[in-house]
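**Student:** Using the hints, position chain W against chain H.
In the order they appear, the protein sequences are chains H and W.
Numbering that gives the first Met the number 0 puts the first residue of the first sequence at 0, with every later residue one more than the last.
Numbering that gives the first Met the number 0 puts the first residue of the second sequence at 0, with every later residue one more than the last.
No lab work stands behind these hints, which were simulated from the structure alone.
There's no promise every hint is true.
The list makes no distinction among identical chains, and a pair is therefore deemed to hold if it is satisfied within one copy or across any two copies.
What the hints assert, rightly or not - Derived DSS-like pairs: lysine-lysine, alpha-carbon spacing no greater than 25 Å straight-line:
| id | residue 1 | residue 2 |
| --- | --- | --- |
| 1 | Lys46 | Lys131 |
| 2 | Lys184 | Lys242 |
| 3 | Lys273 | Lys205 |
| 4 | Lys73 | Lys242 |
| 5 | Lys184 | Lys73 |
| 6 | Lys205 | Lys92 |
| 7 | Lys351 | Lys242 |
| 8 | Lys46 | Lys205 |
| 9 | Lys119 | Lys46 |
| 10 | Lys205 | Lys215 |
| 11 | Lys73 | Lys18 |
| 12 | Lys269 | Lys184 |
| 13 | Lys13 | Lys92 |
| 14 | Lys205 | Lys119 |
| 15 | Lys131 | Lys184 |
2 protein chains.
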Amino acid sequence: MVEILKTSSVGIVKPQAAKFEGPLNLECGFTLDSFELVYETYGRLNKNRSNAVLICHALSGNHHAAGFHNEDDKRAGWWDEYIGPGKPIDTEKFYVVSLNNLGGCHGSTGPISENPTTLKPWGNNFPSIRVKDWVETQARLADRLEIDSWAAVIGGSLGGMQVMQWAIDHPSRIRNAVVIASALKLSAQNIAFNEIARQAIRADPKFAGGNYLSMKSIPEEGLALARMIGHVTYLSDDAMALKFGRELRSGSFDSNFSDGIEFQVESYLKYQGKRFSGQFDANSYILMTRALDFFDLARNYNDNAVEAFSVAECKFLVVSFTTDWRFSPSRSQEIVEALIAAKKNVTYMEIKADEGHDAFLLPIPRYFQTISAYMKGIETN
Amino acid sequence: MVEILKTSSVGIVKPQAAKFEGPLNLECGFTLDSFELVYETYGRLNKNRSNAVLICHALSGNHHAAGFHNEDDKRAGWWDEYIGPGKPIDTEKFYVVSLNNLGGCHGSTGPISENPTTLKPWGNNFPSIRVKDWVETQARLADRLEIDSWAAVIGGSLGGMQVMQWAIDHPSRIRNAVVIASALKLSAQNIAFNEIARQAIRADPKFAGGNYLSMKSIPEEGLALARMIGHVTYLSDDAMALKFGRELRSGSFDSNFSDGIEFQVESYLKYQGKRFSGQFDANSYILMTRALDFFDLARNYNDNAVEAFSVAECKFLVVSFTTDWRFSPSRSQEIVEALIAAKKNVTYMEIKADEGHDAFLLPIPRYFQTISAYMKGIETN
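In isolation and in its complexed conformation, chain H is listed as follows (with noise of 0.2 Å):
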């Protein structure tokens, strides 16, 4: 592992900024008159434009996917481990894109950009997005940068899911498509997790209905209740007993903390909570979450997924991870399933990891063998 980590980094990196004019027809009906998105790049795009690598993010990422912002950032982008030189995702070999998407609060219009009607923050009144416009706004991307077609489209869970729907809207400007812990619709259960966290978000009086930045306030209790719940089941049970197992903070059980925090695992979740509310936007959170639940890759093919599969012309290499019990491997297989019914050219790896669905952010060795074997097969002539 610390071999792994030793290859060197992307070095520093800085965010562009790419405004797109002209409507954009959501799939809530709304239409936008323009929007921004920020994205970062790592590597060169060759002569033929044909090495470009497209990272789409998940839940709570961005587009700072490699690198740092400058010489004192301590924190390296969210999936380091992976782009850079000599990296599964090779930065020597591969032109990387990665950006922040529509709807975000990292720089892309979201909830917090200005509404140009209202010259105030949309807020809560900032359309609902669907994995289908993200993908609508990538592709308006890759013509900005002269991108035809994309080496590969890489994303792991919400990520997955937009590199499918690339796959069946975009045929000719994807040639592999790399989904990792993903699934072709959530279940109940799943839905059931993402209502509870925008309940908590919600309840939170310092919400105001969504208006909070008009109020100048921050629903930061709210949003560190819906990060614990993602935390704690994006993560298995194996890896919490691992990590914090039944510790104390006060090492007895016979004393009362003020603050009724007495596990470990309590203290650890508030923090990570905490930080993250100080983070993200709570529209945005509520808006990604919503754009996972309502993925459904195979609602305008009949509710059949092979059908929906049926345009791909790319090569898919599927990702799942035995813990993970939020896309569990058998969300994965259906994948597969519906790929190989539907005579595409699919790899499947089933990559032992105690992290649940956290394991795909993570350089876990075979996961980290797969994914660079994967991309050292993928030819950009």
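**Tutor:** Just chain W now, with coordinates in the frame of chain H:
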């Protein structure tokens, strides 16, 4: 199933109250000078006083386990399918005692009771309660009812923890221990879910730091959220899929409800949460989940469950359910392994059921038959 449900009821039952004077030294170090327990009984105590069965309730349970409270009562007690004439816990054979635990909110002394010192409700000043305290108070109730030894002590989930504690705290007073969907102690994941539920309650401004009763407010939203978390995690993924799938309230993906609730499962959760928040006290809920978190049967026995069980004299029936992921079969198997190593008489049954943890409350045929057969084998002479 219909045939099972056709068996008759214990009819109309009347809760009784028992007041206990004299100090109760709690595990947390606090001493209660007196307390009251509310309970119901079904069936008749035999001449030898040897046919008594104690029912221990779980997190949100109470003393009303069977029958009805009046002619118009449409809702039977929470375990009515299992308790009654001809039912698995046959009231023609057994004298069944079911109480509301100390710290509860259905009549027994708890956070909504008056603190004799302040003449105001205890609220969040009610002392912290452990499973061991419940067993002690239940033993005092047994003394009051002149029951030297229980033919059986039965409980699911948190109730099962009380049953195990009985077996080691009062080995001569319990002849059969029926431990259903329980564990020697909670996992970190389980503690984490409980903590999120507590945070949801505490984050509700109407909770007012636990002093809501004196402010004449009720933290309904927080309690509803806590219940939703419980509800989702006590059901299996499959059970939710069967019950709701991804059904939309509107039947259409295109509409937007003003409350943001678009899937049936969301609507159901919100309804259940709201209903619960009108029936349960928030401080009680926190107290009960705390008792769950802190339970650790082996803690006072060098963390060795075999040593803990060594003093037990009773027979054990341990039951688990295949899709229960909060108290999974492997947790029950740990109980069984420790009992075998301690050379105790134990029967184990893993029931195939789709309903997750909730299965322990339901009339699932194989489970129903297991309890029935086991109870038939108990001698009450």
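**Student:** With reference to the structure, classify each hint as holding or not holding.
**Tutor:** Against the structure, the hints come out as follows:
no.: 1; hint: Lys46 to Lys131; in the structure: neither (30 Å within a copy, 74 Å between copies)
no.: 2; hint: Lys184 to Lys242; in the structure: between (30 Å within a copy, 17 Å between copies)
no.: 3; hint: Lys273 to Lys205; in the structure: both (15 Å within a copy, 21 Å between copies)
no.: 4; hint: Lys73 to Lys242; in the structure: within (23 Å within a copy, 47 Å between copies)
no.: 5; hint: Lys184 to Lys73; in the structure: neither (36 Å within a copy, 39 Å between copies)
no.: 6; hint: Lys205 to Lys92; in the structure: neither (48 Å within a copy, 57 Å between copies)
no.: 7; hint: Lys351 to Lys242; in the structure: within (18 Å within a copy, 31 Å between copies)
no.: 8; hint: Lys46 to Lys205; in the structure: neither (52 Å within a copy, 63 Å between copies)
no.: 9; hint: Lys119 to Lys46; in the structure: neither (43 Å within a copy, 80 Å between copies)
no.: 10; hint: Lys205 to Lys215; in the structure: both (9 Å within a copy, 22 Å between copies)
no.: 11; hint: Lys73 to Lys18; in the structure: neither (30 Å within a copy, 62 Å between copies)
no.: 12; hint: Lys269 to Lys184; in the structure: between (30 Å within a copy, 22 Å between copies)
no.: 13; hint: Lys13 to Lys92; in the structure: within (20 Å within a copy, 78 Å between copies)
no.: 14; hint: Lys205 to Lys119; in the structure: within (18 Å within a copy, 31 Å between copies)
no.: 15; hint: Lys131 to Lys184; in the structure: within (13 Å within a copy, 45 Å between copies)
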